[in-house]
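J.: Go by the hints and put chain H onto chain L.
Going down the list, the protein sequences come from chains L and H. Just so we're on the same page, the numbering used here is the position in the first sequence counted from 1, plus 330. Just so we're on the same page, the numbering used here is the position in the second sequence counted from 1, plus 28.
Treat the hints loosely; a few may be bogus.
Restraint-style ranges between C-beta atoms, simulated for each label pair [what the hints assert, rightly or not]:
#1 H/142 <-> L/472: 36 to 46 Å
#2 H/168 <-> L/472: 30 to 40 Å
#3 H/135 <-> L/448: 33 to 43 Å
Some chain L residues near chain H, calculated using beta-carbon distances under 7 Å [to be verified]:
#4 339
#5 405
#6 447
#7 464
Covered stretches of chain H, going by a simulated chain L footprint (3 or more residues, C-beta under 8 Å) [unchecked claim]:
#8 114-121
#9 124-130
#10 147-156
#11 159-169
Because the hints were derived from the structure by calculation, they are not lab data. Yeah, the Cβ is synthetic: ideal placement off N, Cα and C, and Gly gets one too.
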Amino acid sequence: MATGLVALPAVGPASLPVVTYDHGTTATSADVPSSFGLGPDHAVEGRWSAELFASAGFAVTEPDYVGMGEGTGPIEYLVAKSEASASADLLTAARTLAAERAVTQVNALQCAQAIRAHGGDVQVIQVGDVSHEVSDFLALPQILRWFGQLS
Amino acid sequence: MHVSTGHVSTGHESTDPETGSAAGAPTPPSGKPWRTALAGLLLLGTAGGMMAYGAPSRAAVPPHSQPAHSQPAHSQPAHSQAAQEGTLVSATLLRQVSAKSVRAELAGARLAPGAPALGGGEVRYGVDAYRVAYRTVDANGR
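With the rest of the complex left out, here is chain L (with noise of 0.2 Å):
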């Protein structure tokens, strides 16, 4: 078993497209976005990065790294399959929460599909004279306005 966190509109159209996020490298296992920031010391990269995509309108899910979070087994960290088939099995999880919602998920499963195909790794190259994880940080209200173009 595994956990995640999943953000949606609280008030909002009945039909989202999704964001999937995978967060960072953390240095305990509680500290993953499923905490959502609230205890001390949990980092808030899964909480601002949820609350940015989903008060904008989209169902927003964040799995925690396999093993990481209230999960079960052994911490998987940096292991790309296991993220990517994590990635996948919280939208499929996440499709079943909306749906007790009566909001129904756009491209949800072409998004799993695509994570499978393709892993959820991406490269980033670093801008400005700031950390990497500040950089990757920036640029979401980047890809949230490219996101929301893409319509």
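T.: Below, chain H without anything else, positioned relative to chain L:
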């Protein structure tokens, strides 16, 4: 997408003025030391991903009725391991954050002092956040 560690200290829990629930709005890094130095070393080669297709529909619907605060297990017969993958085990509503609170939070959402914030200019809805437990397999298919 190569993602960040985001190791910033979280602030105290606050009450959401619109929902009355604890918003738990985190604060930008302040007094607490970051773990970025350690995490930064570990992060080299970190995998991350983000995928999306389509864009939000503009058709609005009424508020979703009674989101479950903690839902029981969604068990299904285990015909095969493949059939179990993606099964929703539980969904726990962590927070309901109003649009106003999200906007304020993102306006100050920065991972480094002096870095630009994510910004709340695109906020249109409040956010319901769930911790979801689900079935999946490890790298060995177990």
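J.: Each hint needs a verdict: does it hold in this structure or not?
T.: Structure-based check of all given hints:
Checked against the given bound of 36 to 46 Å, the beta carbons of residue 142 of chain H and residue 472 of chain L, roughly 19 Å apart, lie outside it. Checked against the given bound of 30 to 40 Å, the beta carbons of residue 168 of chain H and residue 472 of chain L, roughly 37 Å apart, stay inside it. At about 34 Å, the beta-carbon gap between residue 135 of chain H and residue 448 of chain L stays in the expected band of 33 to 43 Å. Nearest Cβ of chain H to the Cβ of residue 339 of chain L: about 4 Å, under the 7 Å cut. The hint holds.
Interface hint at residue 405 of chain L: violated, since its Cβ lies 10 Å from the closest Cβ of chain H, which is beyond the 7 Å cut-off. Annotation: residue 447 of chain L was flagged as interfacial toward chain H, and the flag is violated, the nearest CB pair being 11 Å apart, outside 7 Å. Satisfaction of the interface hint for residue 464 of chain L is found here, the shortest Cβ-Cβ separation to chain H being roughly 5 Å, below the 7 Å cut-off. Requiring three or more residues with a Cβ within less than 8 Å of a Cβ of chain L, the coverage given for the stretch 114-121 of chain H holds, as 5 such residues are present.
Counting residues of the stretch 124-130 of chain H whose beta carbon lies closer than 8 Å to any beta carbon of chain L gives 5, which meets the minimum of three for the stated coverage. Figure legend: the stretch 147-156 of chain H, annotated as covered by chain L; annotation consistent (9 residues with Cβ-Cβ distances under 8 Å, at least 3 required). Coverage of a stretch by a chain is defined here by at least three residues with a beta carbon nearer than 8 Å to that chain's beta carbons; for the stretch 159-169 of chain H and chain L the count is 9, and the condition holds.
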